[in-house]
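Those protein sequence lines, which keep their order, are chains L, R, H and C. Letter 178 of the first sequence, counting from 1, is numbered 177 in numbering that gives the first Met the number 0, and no numbers are missing. Letter 130 of the second sequence, counting from 1, is numbered 129 in numbering that gives the first Met the number 0, and no numbers are missing. Letter 132 of the third sequence, counting from 1, is numbered 131 in numbering that gives the first Met the number 0, and no numbers are missing. Letter 189 of the fourth sequence, counting from 1, is numbered 188 in numbering that gives the first Met the number 0, and no numbers are missing.
None of these hints come from the bench; they were simulated from the model. Check the hints yourself; a few may be wrong.
[What the hints assert, rightly or not] Ranges between beta-carbon positions, derived for each pair:
1. C:Asn376 - H:Gly292: 34 to 42 Å
2. L:Gly215 - C:Thr279: 34 to 42 Å
3. R:Glu346 - H:Gln77: 35 to 43 Å
4. H:Gln220 - C:Thr279: 26 to 34 Å
This structure is a prediction, so every number in the text was calculated from the model and none was measured. Each residue gets a CB set at the ideal place from its N, CA and C atoms; glycine is no exception.
Protein chains: 4
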Amino acid sequence: MAEQRKLRVGMVGGGGPANFFGAPHRRAILMDNSAELTAGALRSDPQGSLEAARELFFTRGYPDYQTMFREEGNLPAQERIDYVTIVTPNDSHYPIAKAALETGIAVLCEKPLTITLDESLDLVRLARQTNLPFTVAYSYTGLPMVMLARELVRQEEVGNIRKVEAWYPQGWLAGRTEDEGVQQAQWRVDPSRAGASGCGGDIGTHAYEFIRFVAGLSAVQVQARLHTFAPGRRLDDDFTVLARLSNDGIATIAASQVTIGAQNDNGFRVIGDKGTVEWTMLDHMSLRLFKSGQPVQIFRLGAEYGYFPASIAPYLRLPSGHPEGFHEALANLHKTIQLQIRRRNGEHVPEPFPHPDVIDGAAGMAFIEAAVRSSENDGAWTDVQPVE
Amino acid sequence: MAEQRKLRVGMVGGGGPANFFGAPHRRAILMDNSAELTAGALRSDPQGSLEAARELFFTRGYPDYQTMFREEGNLPAQERIDYVTIVTPNDSHYPIAKAALETGIAVLCEKPLTITLDESLDLVRLARQTNLPFTVAYSYTGLPMVMLARELVRQEEVGNIRKVEAWYPQGWLAGRTEDEGVQQAQWRVDPSRAGASGCGGDIGTHAYEFIRFVAGLSAVQVQARLHTFAPGRRLDDDFTVLARLSNDGIATIAASQVTIGAQNDNGFRVIGDKGTVEWTMLDHMSLRLFKSGQPVQIFRLGAEYGYFPASIAPYLRLPSGHPEGFHEALANLHKTIQLQIRRRNGEHVPEPFPHPDVIDGAAGMAFIEAAVRSSENDGAWTDVQPVE
Amino acid sequence: MAEQRKLRVGMVGGGGPANFFGAPHRRAILMDNSAELTAGALRSDPQGSLEAARELFFTRGYPDYQTMFREEGNLPAQERIDYVTIVTPNDSHYPIAKAALETGIAVLCEKPLTITLDESLDLVRLARQTNLPFTVAYSYTGLPMVMLARELVRQEEVGNIRKVEAWYPQGWLAGRTEDEGVQQAQWRVDPSRAGASGCGGDIGTHAYEFIRFVAGLSAVQVQARLHTFAPGRRLDDDFTVLARLSNDGIATIAASQVTIGAQNDNGFRVIGDKGTVEWTMLDHMSLRLFKSGQPVQIFRLGAEYGYFPASIAPYLRLPSGHPEGFHEALANLHKTIQLQIRRRNGEHVPEPFPHPDVIDGAAGMAFIEAAVRSSENDGAWTDVQPVE
Amino acid sequence: MAEQRKLRVGMVGGGGPANFFGAPHRRAILMDNSAELTAGALRSDPQGSLEAARELFFTRGYPDYQTMFREEGNLPAQERIDYVTIVTPNDSHYPIAKAALETGIAVLCEKPLTITLDESLDLVRLARQTNLPFTVAYSYTGLPMVMLARELVRQEEVGNIRKVEAWYPQGWLAGRTEDEGVQQAQWRVDPSRAGASGCGGDIGTHAYEFIRFVAGLSAVQVQARLHTFAPGRRLDDDFTVLARLSNDGIATIAASQVTIGAQNDNGFRVIGDKGTVEWTMLDHMSLRLFKSGQPVQIFRLGAEYGYFPASIAPYLRLPSGHPEGFHEALANLHKTIQLQIRRRNGEHVPEPFPHPDVIDGAAGMAFIEAAVRSSENDGAWTDVQPVE
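With the sequences and hints as input, model every part of the structure.
So, in structure tokens, the structure goes:
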């Protein structure tokens, strides 16, 4: 491999002690020794932000993201950050991503992309206008077995898709976790910070993205039921959707935060007229392919397996049997945006995998918005606004 | 154990070479050496019926069920069959069960109970009037781990039930199996023989019965989508229902016959505010109980385990680790009706487990009928007629 | 299918309340409606034996096996039992089987065949001389997935066999179960009734038979360690053997009765130079085939799967996904001896599968005897007497 | 958390394109943003070594380890590397580790520690004399579920240990992989580079360390069979050991490199008189605890679970359900040596977990040496030299 400089990465959010996403993204950024933590506006209070940047060994700390983008924007290109990672609560994704794009900085943003569809569509517009790389961290799409599922579908191993089932049960909000001082829970059940759907926005979007990413299909109409089980909670903690798909197939999307015992057991089953492909995070290193009357085929994670196509090979790190997981998946999304940036810079690097981008982020919001409207309308069929 | 006579069992249907259910029920009847194959009207043509009875070693063969009930009814009580097992296609369940009850003979009938709700309600009425035992062969409720799930729910291990998920995917009708000379497929996709729903009637009822049997709840309203994927098929081969439950909880019932690779992988998850209990036939000898923050508990099949309550103990046959399965489950339903009959006869036998009866059979039909109407109405919320 | 009479089956032992094997064998005999419980000498005390036969609905009861064979031998051929099932403790297998053969009656005998190798060799001699069918109930060889493993090996799916691993852990003798009034435990830890090895004879033989049945190989030399963990127990409760195989490969045979949590979790892995085939009773309906660099192939139980060869097809009873288990496995061994008997009688029936016979029973004893000697000699390599 | 400087890490080896261990260790070092890649002597040729250090962003590159230690030793303490990571083939572990210790630099070394027991004992002596931290990278001991197994054993959940089973099957050397240009294979089958045992040294040591680390026991005597299946290979590719343990229990250690289909499926089962604890990398995020007659308990990975004791909590990174794996395990070993170094430096950090140290490394060599001698002596019982 030719010599490469490390890319310079900025981060907004992720410096507080209760932030879940900051540390995993830092691990993902550092994992491949290909990027460095350059600029951070890591907390909402300016002093804390500067301290966090110093403690976390960022090269440059900033009191807030506005200052960060202004000052980074003024740096010469060979010093400026190459992209920014946004790991704040949902409601601030939009202004931060907007500011980044307007400064000319590529974006890797946590999901859901924004808290309204309009905001998302504005980001789509801006990303197109600036032509900057924009990755949305539907993190599970970075898992190689999920990537392989996509490729098997594209190789027509399952034939024409009839039905997609996608699910994401959790149990951590079965009780009133938000009253127990769990900061993660507090903002996630607050409509002003999380958006119009709690469970749907937080994890339903992950399940829906499996349909887009693996099956290559979109919902055109939904029947949805958003339900709140925990007494007094203001957002849904259970999210059930039946969808008509763009190819006339159907899909079920089931997400829940009150399934005691479920961890983050998301997965999917893509059912075609020639076969079925199935994956669950509970057995994250396997992918199951079913054909009528034949032995089940289990593909397994492992850099040495020839059945991974060239599009995935650069994203594999370990020989088979050695568990790779969530950090590697996140690192794969960072790899994708890094490869995009390096290509723009003229470096000879492998082709990036088509991981979710700003369109997928906006499509997730369109889906959530339609689900919220359907549920408010007692489950009536409701159109999903196309995002292209 | 006190000495017992063998019970005398009749069978209608089940003698043809393509009949799936006859042989398993015969194995179930013979399994515990407590009953004998006494009277058979085993095929639709009279001559074949007599031949089948002889070849299958029934004590008495009959040309048709009408003759059978007439002649059995004329026998002295100590020679007459104690109950009849009905394993014909769905459309004849009603007249046969009716004739049995009118002759004073108890019934064990395959599901779905009938092809219309009205027929089912008539059987409920007749069963009440005659006060005869009536078991409906929702066979999976005979599996001891499913029975244990019911008991754990009743012992409040999961607390107040919020949500029930029940599923039953199969893949055998993914293609036009009915055109390949598979008799099982032919009548199941014919509305005049199978009823108004193909997939729903055949296997959706099983999934729904988990909600009644394990969770002890009923659907009061449904949103349903019945879908036909195989071109030209006249009945649904995919069945998706969202239900409001009698306790204000919700349920999803998902059945499919086009999920290539799925075998008969039914199961359920009962989610309460204190825990979740989960079972799947893919791991049929285990039952999983989840409590927040605690290790998962896996109960396993085995006659020696003290955690099976007295209500289940008589239904266990083997020490742990030795697979018991479908035949034993069917035999357990026969055991229940046999215990009911023996109790009526004054024998001292263990208390029968409350396996599904005619009410459950009718409730299944009420559910299917509501689902069909909802689906015809593009998924509108539709009331389920209460059956009590 | 042409009309067939039911075969007449005798049983010795199996009538006591604590006998484990009697009831499963009766279920197996009755399962396919092809045989009847004709003659029983079911308990060691004559009066109890007669009572048990009556309570269990045997046509003819006898006070003891000697009387049974004498009187059955005097019956005309068309009334006499066709074969006898021996389910007594180990020490009486030999005299009973001997008496049966000398009376001209075929034998299905529980394992281990006898308590000494000499006894076993005498039965081999007698079986040859009388040319009577003789099945040894290594019950797990009756499981279709185990049968399929044998066929895959014969079809050279794994190539030349290098190594076989066979295991059978249990935990029920971790404590001094024999002091708790458990009759099953009492005779199994008594050398005069169980033979020279407790764990080895009871379950090590099962593991060893996998090597013979599935891999088609025999041990020629063993290093063994028989260990007793429960204080004061007179026989081994743990059994570890390394073997040199007849093809210069090696094998490990590990059995234990003190592995708390293990149920009857036997299994095997046959490792060749082209692939590996693996089965475990914990996932009894699957068989795994591994080839280098390819997806794992999982074969699953189900009468409709075309990958079961004609040799196994008659032994399948249910469509896929419906658990068949231990009773069906036992029934398959009975089916084999029944097919052998029917063929001798000139009936046109499918070819019986080569389930374990008296040779395999004797080979098991040769293996145990060598293991005992090796262990007594501190694990020295010890020859296994060939049995052919 | 108080502010901390990043530790400075050196690396010897790991810079070649075919080196397996370099990249994972670099990911592990970088993972927690607590250490930096400071000094590298990464390849065997001086020029390549300098280039690799530059390409991999090491602060200082060296042509060879001798130069590295000499120059680092001459730097002031506040610039010198804090510890060195050794990821060369086995034969050079000894001289490199020796040189590090003699320079006053702590060591994290890949396993097996050396290629002879004498070398290992010399490192034990030197480590004691210099009192420097020394971690041996039995990487699987860094997995939190394995750490929890150790703690459950120490909390007497399984009672007195009777037997330990440890295993590590692989299949990658089933063919003559070393002839296919696979560098990893070439040195591993060369006695001059890998040591006296191929399979035993490479992976048998991992299995043996489970006995030491989880069960807290050592082998005192072994019966071993080292076998070579691939024609013409000079070292064993299959390794089977029966051991007498320090507490009079027994153990089996089974490792193989020819088990086609096995990936790196290591695991263990610790069997006591009160329970059994079991772990396998195939289900790496679960730990199973068995007690007689009780439901199986499954502990699962997840930072939020209260059942992880304080000793493990600092080693957890993600909420449950998010797969952590091999890189995190390696990072945990680095964390342990880093915590040891920080404590020596007076920083207030959590107590390091007792991960394997130089004693464990030497004990592994003593085990291998005894196994080689036993196998050469046709499996005779052979004493294992105690290492304390």
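Hint by hint, here is what the structure shows:
no.	hint	in the structure
1	C:Asn376 - H:Gly292: 34 to 42 Å	holds (38 Å)
2	L:Gly215 - C:Thr279: 34 to 42 Å	holds (36 Å)
3	R:Glu346 - H:Gln77: 35 to 43 Å	holds (36 Å)
4	H:Gln220 - C:Thr279: 26 to 34 Å	holds (31 Å)
In this structure, none of the earlier numbered hints is contradicted; all agree with it.
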